[in-house]
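Protein chains in written order, with this note's numbering: chain A, 712 to 891; chain B, 712 to 891.
Derived by calculation from the structure, the hints in this document are not laboratory data.
Some clues are possibly wrong.
What the hints assert, rightly or not - Sample of chain A residues at the chain B side, in silico, Cβ under 10 Å:
1) G734
2) E789
3) V827
4) E845
To be verified - Sample of chain B residues at the chain A side, in silico, Cβ under 7 Å:
5) I717
6) T721
7) G724
8) R754
9) M788
10) N820
11) V821
12) Q826
13) Q872
14) D889
We put the beta carbon where it would ideally sit given N, CA and C, even for glycine.
Protein chains: 2
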Amino acid sequence: MHNPPIRHCTACGSPVIYRVPEGDSRPRAVCPACGHIQYENPRNIVGVIPAWGQQVLLCKRAIEPRYGLWTLPAGFMEIGESTEVGALRETREEAGAEVALKGLYAVINVLPANQVYFFYRGQLTQPQWQAGEESLDVQLFHEADIPWEQIAFRSVAQTLQRYFADLRAGHFQIHTFDIA
Amino acid sequence: MHNPPIRHCTACGSPVIYRVPEGDSRPRAVCPACGHIQYENPRNIVGVIPAWGQQVLLCKRAIEPRYGLWTLPAGFMEIGESTEVGALRETREEAGAEVALKGLYAVINVLPANQVYFFYRGQLTQPQWQAGEESLDVQLFHEADIPWEQIAFRSVAQTLQRYFADLRAGHFQIHTFDIA
Ligand SMILES: [Zn+2]
Ligand SMILES: [Zn+2]
Numbered sequence: 712m713h714n715p716p717i718r719h720c721t722a723c724g725s726p727v728i729y730r731v732p733e734g735d736s737r738p739r740a741v742c743p744a745c746g747h748i749q750y751e752n753p754r755n756i757v758g759v760i761p762a763w764g765q766q767v768l769l770c771k772r773a774i775e776p777r778y779g780l781w782t783l784p785a786g787f788m789e790i791g792e793s794t795e796v797g798a799l800r801e802t803r804e805e806a807g808a809e810v811a812l813k814g815l816y817a818v819i820n821v822l823p824a825n826q827v828y829f830f831y832r833g834q835l836t837q838p839q840w841q842a843g844e845e846s847l848d849v850q851l852f853h854e855a856d857i858p859w860e861q862i863a864f865r866s867v868a869q870t871l872q873r874y875f876a877d878l879r880a881g882h883f884q885i886h887t888f889d890i891a
Numbered sequence: 712m713h714n715p716p717i718r719h720c721t722a723c724g725s726p727v728i729y730r731v732p733e734g735d736s737r738p739r740a741v742c743p744a745c746g747h748i749q750y751e752n753p754r755n756i757v758g759v760i761p762a763w764g765q766q767v768l769l770c771k772r773a774i775e776p777r778y779g780l781w782t783l784p785a786g787f788m789e790i791g792e793s794t795e796v797g798a799l800r801e802t803r804e805e806a807g808a809e810v811a812l813k814g815l816y817a818v819i820n821v822l823p824a825n826q827v828y829f830f831y832r833g834q835l836t837q838p839q840w841q842a843g844e845e846s847l848d849v850q851l852f853h854e855a856d857i858p859w860e861q862i863a864f865r866s867v868a869q870t871l872q873r874y875f876a877d878l879r880a881g882h883f884q885i886h887t888f889d890i891a
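Hey, can you work out the whole structure from these sequences and the hints?
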């Protein structure tokens, strides 16, 4: 789901050039034929930490990248949905699970990927889940059983570390951090 | 800075069609010639609530939309920067001001615009500012003097309302809400 460099104008199909438009400060894909400027911006990944008691529900990835590694249910935020609605959708799609959201937990800038992650805390409404098309397996883990060496993304590993630390401390706070 | 509907493939310039790709669940701009899929996602607006004592720094817009109305310094997050770096950049560009960030304050889903706003609290490092190219004026306001009827965006008005309520209460918390 990565967009490659823009070569043609989305409005008219002509080849674009990269230049700094008037009144702007950085190069954009500008169409010399029709004048359209195509902007590129970072994208949001929305997901949930689905909890059942002291345990957290993880998904084993059935897709690249990081096939076979474990992750929290999360994916690209779509046009027309809020971050919360997107997080619930991804939990349904990847883990076949329903959660009650308990608030925003982590906001992470993943700079190498030009992505911003949003993780919400969620309470499973019942101990029920099912691997979706993008998951090989879905499983509850106590902190002691988390496969730390097989977590798919640093954003997920660092979120889980903070989550279990907060769980042990007995209170949750919002975490904002960057991954460079 | 709004992207119109995608009509041509950014990779090869051929006309695209909207259809649901295999394994996907919603229509995308698909290129029948080269197979490229162009995804569209919500975009982030990053900004600051610049504080000087009990006062907040607002900018009078010199650009459309909402020319002549007041707003917090904020703008589109750019490729290659974090939400924090983008918020500092916008404060510099629009208000000519330097702030020390004091943490994430508001995360707002503005659904009609497909935008997510991030507002950080900021402390002006000195009582100094200057209207940038996109501002007609920049001014400090006490709560009692905020021109509520001339605030450019609902996201900004609702953030300022929460901010001053927290200021009166003596403690700040993160606010997450939707504007439908
Ligand atoms: Zn064009
Ligand atoms: Zn193409």
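Here is what the structure says about each hint:
Checking G734 of chain A against chain B: minimum C-beta separation of about 7 Å stays under 10 Å; hint holds. Satisfaction of the interface hint for E789 of chain A is found here, the shortest Cβ-Cβ separation to chain B being roughly 7 Å, below the 10 Å cut-off. Evaluation of the V827 of chain A hint against chain B yields a held restraint, the C-beta minimum of about 6 Å falling below 10 Å. For the restraint placing E845 of chain A at the interface with chain B, the shortest Cβ-Cβ distance is roughly 9 Å, inside the 10 Å limit, so the hint holds.
Checking I717 of chain B against chain A: minimum C-beta separation of about 5 Å stays under 7 Å; hint holds. Given the 7 Å rule on beta carbons, the hint for T721 of chain B holds: about 5 Å separates it from the nearest Cβ of chain A. A distance limit of 7 Å between C-beta atoms decides the matter here; for G724 of chain B the minimum to chain A is near 4 Å, and the interface restraint holds. Hint status for R754 of chain B relative to chain A: holds, with the closest Cβ pair at about 5 Å, below 7 Å.
Nearest Cβ of chain A to the Cβ of M788 of chain B: about 5 Å, under the 7 Å cut. The hint holds. The beta carbon of N820 of chain B comes within 4 Å of a beta carbon in chain A, closer than 7 Å, and the hint placing it at the interface holds. The restraint placing V821 of chain B at the interface with chain A is violated, with a minimum CB-CB distance near 9 Å, outside the 7 Å limit. About 10 Å separates the beta-carbon of Q826 of chain B from the nearest beta-carbon of chain A, more than 7 Å, and the hint is not met.
At its closest, the beta carbon of Q872 of chain B sits 20 Å from a beta carbon of chain A; the interface hint therefore is violated under the 7 Å criterion. Satisfaction of the interface hint for D889 of chain B is found here, the shortest Cβ-Cβ separation to chain A being roughly 5 Å, below the 7 Å cut-off.
Hints 11, 12, 13 from the earlier list are contradicted by this structure; the remaining hints agree with it.
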